[in-house]
Amino acid sequence: MMLQPLRSVMSVQHVEETSLALPSDSKLRSAQQRVLEQVHTVRRSRSRGGGSASGPVSPTSKSIGDVVENGTNITMNEAVEFLSRHNENYQNLGVSFIQHSTFHDDKAKQEVLQLKGIPRLVALLQSTNPQIQQTASGALRNLVFKNNDNKLEVQRCGGIEEALVLLKKTDCPETQKHVTGLLWNLSSTDELKSQLLRSAIPVLTESVVMPFAGWPEKISNSSIDPEVFYNTTACLRNLSSAKKGTRQPMRNCHGLIDSLVTYVQTCVAEDRPDDKSVENCVCVLHNLTYQVETEAPALFSKINALAVPPLRSTAQQVPSPIGCFSTQSGKTEQEGYFDYPVMEDNNPKGAGWLFHSSTMQTYLSLLESSQKDATKEACVGALQNLTAHKGTVSGVMSQSIVQKLNGLQNIMPLLQSTNPSLQRTTMALVGNLSRTPRLQSTMARQTLPQLTSLLSSGAKNNSDSDDTITTASYTILNLLKAEPEVAKKLLNNTFVNSLTDLSKNR
Numbered sequence: 001m002m003l004q005p006l007r008s009v010m011s012v013q014h015v016e017e018t019s020l021a022l023p024s025d026s027k028l029r030s031a032q033q034r035v036l037e038q039v040h041t042v043r044r045s046r047s048r049g050g051g052s053a054s055g056p057v058s059p060t061s062k063s064i065g066d067v068v069e070n071g072t073n074i075t076m077n078e079a080v081e082f083l084s085r086h087n088e089n090y091q092n093l094g095v096s097f098i099q100h101s102t103f104h105d106d107k108a109k110q111e112v113l114q115l116k117g118i119p120r121l122v123a124l125l126q127s128t129n130p131q132i133q134q135t136a137s138g139a140l141r142n143l144v145f146k147n148n149d150n151k152l153e154v155q156r157c158g159g160i161e162e163a164l165v166l167l168k169k170t171d172c173p174e175t176q177k178h179v180t181g182l183l184w185n186l187s188s189t190d191e192l193k194s195q196l197l198r199s200a201i202p203v204l205t206e207s208v209v210m211p212f213a214g215w216p217e218k219i220s221n222s223s224i225d226p227e228v229f230y231n232t233t234a235c236l237r238n239l240s241s242a243k244k245g246t247r248q249p250m251r252n253c254h255g256l257i258d259s260l261v262t263y264v265q266t267c268v269a270e271d272r273p274d275d276k277s278v279e280n281c282v283c284v285l286h287n288l289t290y291q292v293e294t295e296a297p298a299l300f301s302k303i304n305a306l307a308v309p310p311l312r313s314t315a316q317q318v319p320s321p322i323g324c325f326s327t328q329s330g331k332t333e334q335e336g337y338f339d340y341p342v343m344e345d346n347n348p349k350g351a352g353w354l355f356h357s358s359t360m361q362t363y364l365s366l367l368e369s370s371q372k373d374a375t376k377e378a379c380v381g382a383l384q385n386l387t388a389h390k391g392t393v394s395g396v397m398s399q400s401i402v403q404k405l406n407g408l409q410n411i412m413p414l415l416q417s418t419n420p421s422l423q424r425t426t427m428a429l430v431g432n433l434s435r436t437p438r439l440q441s442t443m444a445r446q447t448l449p450q451l452t453s454l455l456s457s458g459a460k461n462n463s464d465s466d467d468t469i470t471t472a473s474y475t476i477l478n479l480l481k482a483e484p485e486v487a488k489k490l491l492n493n494t495f496v497n498s499l500t501d502l503s504k505n506r
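For the sequence shown, counting from 1, position 148 maps to 148 in full-length UniProt numbering; every step adds exactly one.
These are computed hints drawn from the structure, not numbers from a lab.
In the PhoX-like style, the derived pairs of lysine-lysine whose C-alpha atoms are separated by at most 25 Å in a straight line are: (1) Lys-276 <-> Lys-146; (2) Lys-390 <-> Lys-404; (3) Lys-244 <-> Lys-349; (4) Lys-116 <-> Lys-146; (5) Lys-302 <-> Lys-244; (6) Lys-276 <-> Lys-372; (7) Lys-168 <-> Lys-218; (8) Lys-349 <-> Lys-243; (9) Lys-349 <-> Lys-302; (10) Lys-243 <-> Lys-390; (11) Lys-218 <-> Lys-169; (12) Lys-218 <-> Lys-349.
All chains should be modelled from the sequences, with the hints used to inform the complete structure.
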């Protein structure tokens, strides 16, 4: 007996950490040039003010005047020490040096950690000086980039909470970029996801996602930079790929799913399917559909309530013929009574968007218009998850995709993809759809020629994955049983030889 392949999938869809925080000026001056400029600023300030407000400089470190006169750079130890001065010019000098030193130098990141510089940088996020806030958040963003020890240190000294406080109150686009970039970097570490889920998701949704997507007012907040939204959705993408405990709180977060769907639908309507944030949004939605029927059964109570089998008299029950390609089995008869109900919520909310036909239509549109395989795979994966479980909900979702939305015309071409992962996910979706009895005749006529061709191709060049071939075989068997006449046309020597080759080579 052929084993049925895995029917539900949540590709981790983990997104790489954000790029480092670039220098804020367009000329990208060297670290030493920028530090010396800060030094001159400090010197001028001291001349006007009659000295530093923080008192005399420690005899163990260079004075600001020494740095200026000798034209030399400060050390990391001195930069970290400057962070604790009361004079903002010293603070700005120290934090600017750290941001630039950690831009490409991993050793500098370790040095800041050892010198206990991270707690001081976190404290500066709440500086009253906007420039210090911006540079400190950029420095932290660089420090945690692909550095797990620094990420944990940021959490240990309350950096996540301070970053979120700053994000809520700042209106500086550069600071917003750095803070959301910092959160994106932190979200790639499993140990931090639980706290980020509790504290960051609501703030990111209310401060960035909802206003940028224009939900619910349908008017986008143009003051939020697209990069801020991109960083935010990348953070959400990482968090949604975590374990079961993270998905349901995200589904329940007010305005999150509504805004993500609204944004994607807007991009599709405006012919921007490859907007760089679309991929992140669809990946989040994809991950939130994983096991949604199991984890949130109340969402589907209305659909399940409609599944009432009709009364059938024994006189109407005619035994089906038994054979390799019998038209119906007893099990198929039992499952085949349900038709997709026309009724559907015209104004879905929250997690209701995950399985609404308008969302599925958006996925299908992206399959046709997007050039990004990652976006396509996320769309197919979301549809695959919605059709994963045997039963009423999967049947409703399958009938909606095939009959209501005519989705096969968008789905089947992806079986020719040269991307093995996309091809495998597409094949799994087609396999899921083929289990719905009322779709099998339609699917047999529309898909069997291509499926048998895929199987024959896999037998010849051995390029398709075992999962793809297994699912294709299972799907072909399902559909051949439903349409024996189609089976007669396809069961030729070439196809039989292909099956023989597969059995030998796999």
